[in-house]
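Using the sequences and the accompanying hints, generate a full structural model.
Protein chains in written order, with my numbering: chain A, 1 to 113; chain B, 1 to 115.
Source of the hints: derived by calculation from the structure; they are not laboratory data.
Computed from a prediction, not measured in an experiment: that's the story for all the values here.
In this text, a Cβ means the ideal position worked out from N, Cα and C, and glycines have one as well.
Just so you know, not all the hints are guaranteed correct.
[Said to hold, decoys possible] Selected chain B positions facing chain A (in silico; Cβ < 10 Å):
| hint | residue |
| --- | --- |
| 1 | Gly42 |
| 2 | Gly58 |
| 3 | Glu103 |
| 4 | Pro108 |
[Stated by the list, open to error] Here are the simulated distance ranges between beta carbons:
| hint | chain 1 | residue 1 | chain 2 | residue 2 | range |
| --- | --- | --- | --- | --- | --- |
| 5 | B | Pro95 | A | Ser112 | 34 to 42 Å |
| 6 | B | Glu69 | A | Asn22 | 41 to 49 Å |
| 7 | B | Thr5 | A | Asp2 | 26 to 34 Å |
| 8 | A | Lys60 | B | Lys9 | 23 to 31 Å |
| 9 | A | Glu15 | B | Lys57 | 43 to 51 Å |
| 10 | B | Glu62 | A | Thr12 | 36 to 44 Å |
| 11 | B | Asn28 | A | Ala53 | 25 to 33 Å |
| 12 | A | Glu15 | B | Glu69 | 46 to 54 Å |
| 13 | B | Ala81 | A | Ala17 | 46 to 54 Å |
| 14 | A | Arg67 | B | Ser80 | 44 to 52 Å |
| 15 | A | Val82 | B | Val52 | 40 to 48 Å |
| 16 | B | Pro108 | A | Thr28 | 29 to 37 Å |
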Amino acid sequence: GDSVTQMEGPVTLSEEAFLTINCTYTATGYPSLFWYVQYPGEGLQLLLKATKADDKGSNKGFEATYRKETTSFHLEKGSVQVSDSAVYFCALSPNQAGTALIFGKGTTLSVSS
Amino acid sequence: DGGITQSPKYLFRKEGQNVTLSCEQNLNHDAMYWYRQDPGQGLRLIYYSQIVNDFQKGDIAEGYSVSREKKESFPLTVTSAQKNPTAFYLCASAPVSSGLYNEQFFGPGTRLTVL
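Here it is, written out as structure tokens:
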């Protein structure tokens with residue numbers, strides 16, 4: 001079945017460092033891909049998305065490109081801030097109406113000043 | 001403002017008791033979902049519903065029950081049959097449109113603790 005694998009954390013960085021969180025997927029068909037962010041004690045917020053191959057999603061300085069050839073959707077940010085400390089989830093949608101998203105296990109990011 | 005509300009934010013239960021977690025949305029979404037989150041395990045799907053009066057089991061439905069009598073509401077009952085219910089529970093909703101991705105919108109969550 002469809003699945004998502006993301007790098008295990010925690011990832012610990014200093015402020016202004018470059019961030020990469022790896023995400024790869026297995027899916028039949030042409031899924032949509034998402035990155036969600038969860039701040040402590042809160043629900044998930046959509047960070048960015050891509051619906052077809054070679055699409056680049058971007059938001060708040062974060063970017064991810066849908067790479068069909070490598071089945072990847074890695075999250076990047078050029079300069080992280082302390083406020084970016086959170087748990088990041090990669091997810092895919094099989095693009096069947098109403099079906100649930102499939103999530104990776106999450107990667108905890110901790111940024112220190 | 002449109003959104004998803006979950007209540008209560010914190011819930012304590014004694015062993016052997018059933019408890020019901022509330023989830024309400026005013027986004028006019030057809031589909032609603034319940035996930036369970038445990039440390040290091042990501043989100044696991046409990047139940048989902050694509051339309052009123054219909055719902056499907058997810059990956060970990062045992063010990064849980066749901067109802068979908070109204071489009072806006074999708075309450076989750078954690079029964080005494082659920083052996084390890086202490087977790088963070090997240091409700092989500094999504095529009096159901098053929099051919100489109102299923103971006104889900106999440107509520108703030110309910111943290112359930114069994115005493």
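Verification of the hints:
1. Gly42: The hint holds - glycine 42(B) has a Cβ within 10 Å of chain A, the shortest such distance being about 4 Å.
2. Gly58: holds (7 Å)
3. Glu103: holds (6 Å)
4. Pro108: Hint on proline 108(B): holds, closest Cβ of chain A at ~5 Å, below 10 Å.
5. Pro95(B) to Ser112(A): 34 to 42 Å: Hint holds: Cβ distance 39 Å, inside 34 to 42 Å.
6. Glu69(B) to Asn22(A): 41 to 49 Å: holds (43 Å)
7. Thr5(B) to Asp2(A): 26 to 34 Å: Holds - the Cβ-Cβ distance for threonine 5(B) and aspartate 2(A), about 30 Å, lies within 26 to 34 Å.
8. Lys60(A) to Lys9(B): 23 to 31 Å: Holds - the Cβ-Cβ distance for lysine 60(A) and lysine 9(B), about 26 Å, lies within 23 to 31 Å.
9. Glu15(A) to Lys57(B): 43 to 51 Å: holds (45 Å)
10. Glu62(B) to Thr12(A): 36 to 44 Å: holds (37 Å)
11. Asn28(B) to Ala53(A): 25 to 33 Å: Roughly 31 Å apart at Cβ, these two residues keep to the hinted range, so it holds.
12. Glu15(A) to Glu69(B): 46 to 54 Å: holds (49 Å)
13. Ala81(B) to Ala17(A): 46 to 54 Å: holds (47 Å)
14. Arg67(A) to Ser80(B): 44 to 52 Å: holds (47 Å)
15. Val82(A) to Val52(B): 40 to 48 Å: Distance hint for valine 82(A), valine 52(B) holds at roughly 44 Å.
16. Pro108(B) to Thr28(A): 29 to 37 Å: holds (34 Å)
In this structure, none of the earlier numbered hints is contradicted; all agree with it.
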